[in-house]
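Undergrad: Listed below, chain by chain, are the residues.
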Amino acid sequence: MTPPEAPRPSLRRELLAILTLYGFVGILPLLIGYGCSGL
Amino acid sequence: MQKRTNSRWRRVMALVHAWLILDFFEDSRRTGQPGSTLTTAIFGQSFMALVLAALLLPDRLTPGFAVAYATANLSLSTLLISIGQLGDAGRSGRRRANAILLQTAPLGRVDRTLARALHNGFAVSLMTVGTALPPAILMYWVSGRQLLAVPLYLLLACWLAALGAGGVAVALGWIEHRFGRARAALAGGTAKALLLGLGFAAFALCMRNLGGTADDLPGGRPTALAWPPYWASRWLLDRAAIWPFGAALLGLSALIIGLDLWLQTPARSRRAEATSNGTSALARLDGSLTVEGPHRGFAAFTSTMLVRSPDFRAKVLPLFGVPAAMMGLWLWSPDPGGDTVVLGIALQLPAIYLPLVVAFLVHADQPGCRWVFATSPNGEDLPMARHAAWVSVTTHLLLPAHILGGLALLAFGAGPTAAAALASFSLGSAILAAGLILSRLPSTPFTQESSDITIDFGSLLGAALVLAAIGGGFARLADDRWWGPVIGLALLFFAVQSLRRPSR
Chain A
22 MTPPEAPRPS LRRELLAILT LYGFVGILPL LIGYGCSGL
Chain B
7 MQKRTNSRWR RVMALVHAWL ILDFFEDSRR TGQPGSTLTT AIFGQSFMAL
57 VLAALLLPDR LTPGFAVAYA TANLSLSTLL ISIGQLGDAG RSGRRRANAI
107 LLQTAPLGRV DRTLARALHN GFAVSLMTVG TALPPAILMY WVSGRQLLAV
157 PLYLLLACWL AALGAGGVAV ALGWIEHRFG RARAALAGGT AKALLLGLGF
207 AAFALCMRNL GGTADDLPGG RPTALAWPPY WASRWLLDRA AIWPFGAALL
257 GLSALIIGLD LWLQTPARSR RAEATSNGTS ALARLDGSLT VEGPHRGFAA
307 FTSTMLVRSP DFRAKVLPLF GVPAAMMGLW LWSPDPGGDT VVLGIALQLP
357 AIYLPLVVAF LVHADQPGCR WVFATSPNGE DLPMARHAAW VSVTTHLLLP
407 AHILGGLALL AFGAGPTAAA ALASFSLGSA ILAAGLILSR LPSTPFTQES
457 SDITIDFGSL LGAALVLAAI GGGFARLADD RWWGPVIGLA LLFFAVQSLR
507 RPSR
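Line order of the protein sequences matches chains A and B. For the first sequence, the working numbering begins at 22 and goes up steadily by one. For the second sequence, the working numbering begins at 7 and goes up steadily by one.
To be clear, the hints were calculated from the coordinates, so they are not data collected in a lab. What you are looking at is a predicted structure, and each value in this text was computed from that prediction instead of being measured. Where a beta carbon is used, it is the ideal one built from N, C-alpha and C, also for glycine.
Here are the simulated distance ranges between beta carbons: (1) G468/B x L40/A: 39 to 45 Å; (2) L335/B x A38/A: 34 to 40 Å; (3) I48/A x T46/B: 18 to 24 Å; (4) L40/A x T43/B: 14 to 20 Å; (5) R33/A x L413/B: 54 to 60 Å.
Next comes chain A alone, as it looks inside the complex:
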């Protein structure tokens, strides 16, 4: 039932994309935390 144009699944590529996202959503709170001197 797989359509011919279906992409070849690469689990490694998806996990890498998610790790990159973790890095991004991890750095922003660090900046916010250091920026808020009142906390």
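Place chain B on chain A using the hints.
TA: Using the frame of chain A, we list chain B on its own:
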């Protein structure tokens, strides 16, 4: 010995890898789209959690704020994971495929349990860490610069998400065991809508007490004590309360694991499908509005699928959850304004949301179910299918929604004249709007396989404004006047007459 351990490990990992491939690529392989829908979902949830975690930060910390902050963020991540688990309509198909895969694979009971634990743990952590990472890092400052709070928060978020997902799986498993697969899928869709609506209302009500204590919450301290994310944040931040709250979390985990093992026992026979052959009042109404033959067949199929399609219920009901919660919050507030204009606009909401419902109406539950119509007489007659869908949507969606709306008006203190006028007018205009929208239905309901739903938001907004203006304007003019119900009923009569007209 070493060799046997290695081969067992390899077998378990092969199974985990296969399940992960399915998690990531099941949807996109079916539709031929590049990339993975799961990754997109994780991206969306992470950014939502980041925005909420940043917005909830106060200018100045008050004592006890850390517990409230951790509870709010832990609630968000737990609810998101649990709701995601509920809407998984492909779950029953996946379970059946799994049963065949596992029965034919050379795997023992230990291997399977190990693989299941590894896969579920990894999948839940992968999704939870995305939503929990921003609040976890901000916890360092909120908790008064305790570095240990960051990893502990992440651990607790994953633990709670696993509890939420496990609780949902146990509840759905029990319904499946008791009432059959179809009922479990339907209950999952309904519970998703309820959780979305209630979760939205709970966040709206509890957010304003973030600077206070648990006593300020609606329902007071017992509300907080009944909510597991509160146990986790007390365990994390309150040194004096480590033992009782830790024990409560462990007890809940043991309970869920025990129930899950009980439901997994293969000796328990399950009822396959629950069926009923009764003819409901709504089905009889369908019969009186349609012509004997294929026309009635189309209407019966569409009406049945509106109620019985797990996919439709899981996707469409949640659309109504949040607006219903907003209306509920507004009506239950101490001073709802007592303005009939707002009530008139509110009663137009079913018609305003109708284009979204219709967009999901053509989507098929199973691939290839088009043959039902392709092989039947008049099965390809699109105008007839559109008219039958109009009848079904009117009897099974609009009529119940407007009866409930009319009763709600009476319950909230509107006079019987105003309630009759508003309810009949809004039902009449909704039926006419449905006729307009459904005359452009691209194919027979529940037969199109591609899952890409296209919604024209520009015309949707325009129609929403027009409908809201008509509803509000009528409510303003007809407020408790004798001619209100007359006009409302006349419009309803006209709408029903145009609905009765045969499609050709």
